[in-house]
Amino acid sequence: MTHRLTAAGAVTASVLVLCAAVPYLAPALDEPFYVIVFARIMIWAIAAVSLNLIMGYGGMISFGHAVYLGIGGYAVAILGFHDITSAWVQLPVAIGLSAVVALVFGVICLRTRGIYFIMITLALAQMVYFLGVSAERYGSDDGLNILWRSDFGTRHFDLEDSVVMYYTIFAVLLGCLLVKWRIVFSRFGMVLRASRSNDTRVQAVGVPTFRYRLVAFVIAGVMCGLAGFLQANLERFVSPDMMNWHRSGELILMTVLGGTSTLFGPVVGAVIFLMLSEILSTVTIHWHLVFGPFLVLVVLFARGGVMGLLGSRDTHD
Amino acid sequence: MTKDARGADLVAQGLNKSFGGLQAATDLSVSARRGEIHAVIGPNGAGKTTFVHMLSGFLRPDSGKIVFQGHDVTDLSPAARVQRGLARSFQITSVFREFTVLENVILPVQSRLGHSFRFWRPVLSDPTVLEPARALLEEVGLGDRAGVVAGHLAHGEQRQLEIAIALATKPSFLLLDEPMAGMGPDENRALIDFLGALKTDHGMLLVEHDLDAVFALADRITVLVYGRVMASGRPAEIRKDAQVRDAYLGETQV
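Chains as they are written, first to last, in the numbering used here: chain A, 1 to 317; chain B, 318 to 571.
Okay, derived cross-link-like pairs now, SDA-like style, lysine to any residue, Cα gap no bigger than 25 Å in a straight line:
no., chain 1, residue 1, chain 2, residue 2
1, B, K382, A, P208
2, B, K382, A, T200
3, B, K382, B, A548
4, B, K382, B, D344
Calculated from the structure, these hints are not laboratory results.
With the rest of the complex left out, here is chain A:
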């Protein structure tokens, strides 16, 4: 990797600095609402980053990735509903459950390729979605309120404090970016990227790709489950809608918009996607009419997404 100042690098740095500064900037600009907007954006960014690990680097286009948002979220909500608010229970359950579900779904999905993979991930995720819809005890369609955010048992780290909540999300985003960056360029990442390029050839040099793709699928699921854990805590609310296939589709759009084979693209995609829908929806209720064509144009004319346009080629440097 060469160290040079690129437009893509500048965008990466500015977005991260902006995220870090929002809790101070927003009140100063008399727009305190933007703190929660950016907290939401960062959570979506974590989910999109996790999707991109398997989609951008492993060629696994999962149309059911939002299911892990739901699993991470419901772990918090259901445990909270039963008066178990300790983060030391909720967090391991959120992570563990995401891992187990990703493992089972991965074993099923990864035997297929291309359009079949897309359809099976979608079908499996919708199964979980309808499980949520039919769970009357936990609010069905209406969802479930969360009275208390996850309790880490110390006054020094209390998610009820909105600043702590915000910077926890920010830290998790940074952590996920770091982990993804290391993974992509590691031996494991080499296998993952190569299997996207030519899976047959990877097997022909002695690497059984299935288990590597499965592990990547589980890592991505856990990362997204973490985003779900944060989302439930931030919103103090979960509903099956979190894991509806629309959400999975939005995750794919954010990733494509930002740039699939770039590390930071999904973050930029999440920022653009959510800011645009936020701004456009205040201008007109028909904002989808503007937003849809915009996405089509990006996909048609900027194949590498926004970061691709800015010259980020971090898979080859």
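With chain A held as given, fit chain B onto it using these hints.
Same frame as chain A, now just chain B:
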């Protein structure tokens, strides 16, 4: 080059394979000896590539047995066969086009060094992988092309890289599926020399259309026609065989 090269031999016993109504291999038996280049020739549709796919594990024979260095490998996956030292190249160039030349050989080197469940250290700053990869590129004459994206290489260089990828797994036996495909005469000659030099360390089974290359390289030749062995023997015997001449060699005027 490899310690276990001495034991290299590959035996196919009575392989049968059909695709629907098409019989691609009928009672196919070939035995490739250590230290030799065994060429498999035959007209288009003779089942040569099907044969390589079965030997390398990408196709499962309907019946028959494949024995490599004394072990029955018929039920092993392609990856498991490579780990035992049986590597292959592809007729249709199958390099990682968006990777650099160096990265193309890093993956097989990494595969040889054990599992790749290493998540943290960047592979491009890991000398245990880089050094053998660079050394191999020097050996095959691609040393000064290490940083080039494989998709940008000339066709001949891509064919070289194709073989280099297989070699990077340090196989004791190489299955080469038409290594000369689409190369010019000069490149051909260089590749013939290169493959000839590999013979001392590797057993080789070579499927090839280019009969000049086959007669220059092969110690033994098996002629396939419609999935059956029509003749097998030393190059001189094959040249003389009237049946073979009628079926195949005559058409191409050797």
